[in-house]
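Colleague: Each chain, letter by letter, is given below.
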Amino acid sequence: MTESTTNVGPEVQSAPSDNRGLHLLQEMLRIRRFEERCVELYSRSAIRGFLHLAIGEEACAVGVMAALSREDAVVSTYREHGHAIARGLSMRVIMAELEGKLEGCSRGRGGSMHLFDGTQRFYGGNAIVAGGLPLAVGLALADHLQSRPRVTACFFGDGAVAEGEFHEAMNLAALWHLPVLFCCENNLYAMGTPLQFTESETDLALKAASYRMPSWEVDAMDATAVERAAREATEAVRAGGGPHFLELRTYRFRSHSMYDPDRYRDKSEIERWKQRDPITTLVAQLNHDGQLADGQLERLEAAIAAEVEDAVTFADAGTDEPVDELTRFVTSTGTGGS
Amino acid sequence: MSVITYREAMRQAIREALLRDERVFVMGEDIGHYGGSYAVTLDLLEEFGPERIRDTPLSESGFVGAGIGAALGGMRPIVEVMTVNFSLLALDQIMNNAASLLYMSGGQLNVPLVIRMATGAGRQVGAQHSHSLEGWFAHIPGLRILAPATIEDARGMLWPALEDPDPVLIFEHAMLYNQEGELEEPFQPVDIKSAAVRRSGDELTIIAYGGTLRTALGAAEELATQGIDAEVIDLRCLRPLDTATLLSSVTRTHHAMVVDEGWRSGSLSAEISARITEEVFYDLDAPVSRVCSAEVPMPYAKHLEDAVLPQVLDVVNAAKVLCA
Chain A
1 MTESTTNVGP EVQSAPSDNR GLHLLQEMLR IRRFEERCVE LYSRSAIRGF LHLAIGEEAC
61 AVGVMAALSR EDAVVSTYRE HGHAIARGLS MRVIMAELEG KLEGCSRGRG GSMHLFDGTQ
121 RFYGGNAIVA GGLPLAVGLA LADHLQSRPR VTACFFGDGA VAEGEFHEAM NLAALWHLPV
181 LFCCENNLYA MGTPLQFTES ETDLALKAAS YRMPSWEVDA MDATAVERAA REATEAVRAG
241 GGPHFLELRT YRFRSHSMYD PDRYRDKSEI ERWKQRDPIT TLVAQLNHDG QLADGQLERL
301 EAAIAAEVED AVTFADAGTD EPVDELTRFV TSTGTGGS
Chain B
1001 MSVITYREAM RQAIREALLR DERVFVMGED IGHYGGSYAV TLDLLEEFGP ERIRDTPLSE
1061 SGFVGAGIGA ALGGMRPIVE VMTVNFSLLA LDQIMNNAAS LLYMSGGQLN VPLVIRMATG
1121 AGRQVGAQHS HSLEGWFAHI PGLRILAPAT IEDARGMLWP ALEDPDPVLI FEHAMLYNQE
1181 GELEEPFQPV DIKSAAVRRS GDELTIIAYG GTLRTALGAA EELATQGIDA EVIDLRCLRP
1241 LDTATLLSSV TRTHHAMVVD EGWRSGSLSA EISARITEEV FYDLDAPVSR VCSAEVPMPY
1301 AKHLEDAVLP QVLDVVNAAK VLCA
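Sequence order for the protein chains is A and B.
The first sequence begins at 1 in my numbering and counts up one residue at a time.
The second sequence begins at 1001 in my numbering and counts up one residue at a time.
One or more hints might be untrue.
Subject to a maximum C-alpha distance of 20 Å in a straight line, what follows is the list of computed SDA-like cross-link-like pairs (lysine to any residue) [as the list claims (entries may be wrong)]:
hint	chain 1	residue 1	chain 2	residue 2
1	B	Lys-1193	B	Leu-1241
2	B	Lys-1193	A	Ile-55
3	A	Lys-207	B	Pro-1057
4	A	Lys-207	A	Asn-171
5	A	Lys-207	A	Tyr-264
6	A	Lys-207	A	Ala-190
7	A	Lys-101	A	Leu-41
8	B	Lys-1193	A	Arg-328
9	A	Lys-207	A	Lys-267
10	B	Lys-1193	A	Tyr-264
11	A	Lys-101	A	Gly-318
12	B	Lys-1193	B	Glu-1221
13	B	Lys-1193	A	Ser-332
14	A	Lys-101	A	Glu-321
15	A	Lys-101	B	Gly-1107
16	A	Lys-274	A	Met-191
17	B	Lys-1193	A	Thr-333
18	A	Lys-207	A	Leu-188
19	B	Lys-1193	A	Gly-337
20	A	Lys-274	A	Tyr-264
21	A	Lys-267	A	Glu-103
22	B	Lys-1302	B	Met-1175
23	B	Lys-1320	B	Glu-1221
24	A	Lys-101	A	Ser-45
25	B	Lys-1193	A	Gly-334
26	A	Lys-274	A	Ser-45
27	B	Lys-1320	B	Gly-1201
By construction, these hints were calculated from the structure, which means they are not laboratory data.
Here the structure is a predicted model, which is why all the values come from computation and not from measurement.
Please take these sequences and the hints and turn them into a complete structure.
Modeller: Rendered as structure tokens:
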């Protein structure tokens, strides 16, 4: 089965009728404000290394996570602050990780690109493009072999589809009918090179369909559209429908990383996409449906500002891991040896 | 006591693991219907079925990565990569995920995975099927690297490797599969940490592993007839190295030689030589000697392949110079 239902449309769509729409809005705002604060911290050198922001792409993370259960697994990329927040990692442990502190979710060993939380089945934080896809296949294989009705959601970007590991993983997942939800965040650029310069076939859902996998594209500037698609796909995967593929059509408003001068995009293109900001889009939907009470957005923003501030305070107060623990966790049983 | 081949010993080890632990499964190219490219997994598909004896496509990175994911998901996978030459296609997964996840995650995610692969030359299969690259993997923190050279180790190393909470790579020299030897019954467990003295001697320490152990032992027998009493040490575990056993021998014999089928430059033999020099330099009566493969891509012609590889005569001649 190959579906191709394009949900792109300028008109205001209805938000979910229960408080799911509000939840999506809250989560997107949490990610946005957290990452905006990261930029400030980067400027004052509290955060170093590579910092890849997902500002503009928040609907992907919140829409997919809303469809997952606590038992499901998430495999992510190096642009994963939003995935981690939406999955349920606290801002505190993420910010502490970005500041390289022992209290961080990876003890300061990972940094921005390697956030992990084993207890929440958040398998990171992979900085090799497409490197996480085979892991997701394996996690799903483990569930299959142990007859557990769980789903593994695997995030990756459009750049990943050029990698051999993408095709190997798609084939394995489809061949073995494994419960993987492939979530391709197509932001149109593999770092700084547009898709049409790197792919002979730019219809990514079609690529997935060639592996006999149900796949379709989703307007990922619309969180409710992502959530609907993710729920549909996740339910199908969990029911034994094999792997599914969502091409989440999105756009990052900021550069690839803090090092990127962003010479390859026209300013007008960025401005055009900002008109479809997933947060203002959802606010408009909720207002249109009368789901946002007077002052509610302001109260939400205030609560989130406090949460971000608390995370920064927590991270700033964090400690440095003692250097004599440097070789700890090279192996489970000791310092690794050589 | 029974006489079996190295191949059969490895096969028994896999079968035992499948029977002992239902989390164990085997995955790799041609391991099921074909029976294994070296016939190590012959008939296991019939006994354990396609879920646990899982044929894979030719996707080394994909199925090695899937092994890592399955290990994270609670399984105990044995992944067979047909030869070390093909493992380069999976190097990203082995290095960037299997070896790094525990550390990157601050101790949260260990990867209890075993990867088996054939290594080594001797069958005239040319430059893309003959190399000994285990030394490269021994460079990587987070991995345990094993090289069973005897029937006992072929039979005994797999189970403790599966019990290891972290990734273990087992390198099986392709020329050993038909080697026969006696196996004690009942079988005694082996450790996967220490080097073993395979022949005792007082005048020279020859350090070998995997495919070069036989070469070293053959050379030691020849040297004995010429009045040189050589001790032969089988490294067994290439990472972490059991340096203590090596140094203890060298401080007695005062002469050290490394015999390695890997290339010489930037190699495991270089590392061992450096450690001996760093630790017991003043116990040495002569510089450490090395007999390694010639630094060329492996040629096909038999006489050229023989010329590349460390031979008994090469070891004997080098030992005579070393001990002169």
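Colleague: It remains to establish, for every hint, whether it holds in the given structure.
Modeller: Hint check results:
{"no.": "1", "hint": "B:Lys-1193 / B:Leu-1241", "in the structure": "holds (8 Å)"}
{"no.": "2", "hint": "B:Lys-1193 / A:Ile-55", "in the structure": "violated (49 Å)"}
{"no.": "3", "hint": "A:Lys-207 / B:Pro-1057", "in the structure": "holds (19 Å)"}
{"no.": "4", "hint": "A:Lys-207 / A:Asn-171", "in the structure": "holds (11 Å)"}
{"no.": "5", "hint": "A:Lys-207 / A:Tyr-264", "in the structure": "violated (26 Å)"}
{"no.": "6", "hint": "A:Lys-207 / A:Ala-190", "in the structure": "holds (17 Å)"}
{"no.": "7", "hint": "A:Lys-101 / A:Leu-41", "in the structure": "holds (14 Å)"}
{"no.": "8", "hint": "B:Lys-1193 / A:Arg-328", "in the structure": "holds (19 Å)"}
{"no.": "9", "hint": "A:Lys-207 / A:Lys-267", "in the structure": "violated (30 Å)"}
{"no.": "10", "hint": "B:Lys-1193 / A:Tyr-264", "in the structure": "violated (53 Å)"}
{"no.": "11", "hint": "A:Lys-101 / A:Gly-318", "in the structure": "holds (6 Å)"}
{"no.": "12", "hint": "B:Lys-1193 / B:Glu-1221", "in the structure": "violated (27 Å)"}
{"no.": "13", "hint": "B:Lys-1193 / A:Ser-332", "in the structure": "holds (15 Å)"}
{"no.": "14", "hint": "A:Lys-101 / A:Glu-321", "in the structure": "holds (7 Å)"}
{"no.": "15", "hint": "A:Lys-101 / B:Gly-1107", "in the structure": "holds (15 Å)"}
{"no.": "16", "hint": "A:Lys-274 / A:Met-191", "in the structure": "holds (19 Å)"}
{"no.": "17", "hint": "B:Lys-1193 / A:Thr-333", "in the structure": "holds (13 Å)"}
{"no.": "18", "hint": "A:Lys-207 / A:Leu-188", "in the structure": "holds (16 Å)"}
{"no.": "19", "hint": "B:Lys-1193 / A:Gly-337", "in the structure": "holds (11 Å)"}
{"no.": "20", "hint": "A:Lys-274 / A:Tyr-264", "in the structure": "holds (17 Å)"}
{"no.": "21", "hint": "A:Lys-267 / A:Glu-103", "in the structure": "violated (39 Å)"}
{"no.": "22", "hint": "B:Lys-1302 / B:Met-1175", "in the structure": "holds (15 Å)"}
{"no.": "23", "hint": "B:Lys-1320 / B:Glu-1221", "in the structure": "holds (13 Å)"}
{"no.": "24", "hint": "A:Lys-101 / A:Ser-45", "in the structure": "holds (14 Å)"}
{"no.": "25", "hint": "B:Lys-1193 / A:Gly-334", "in the structure": "holds (13 Å)"}
{"no.": "26", "hint": "A:Lys-274 / A:Ser-45", "in the structure": "violated (28 Å)"}
{"no.": "27", "hint": "B:Lys-1320 / B:Gly-1201", "in the structure": "holds (15 Å)"}
Violation of the numbered hints given earlier is confined to hints 2, 5, 9, 10, 12, 21, 26; the remaining hints are satisfied by the structure.
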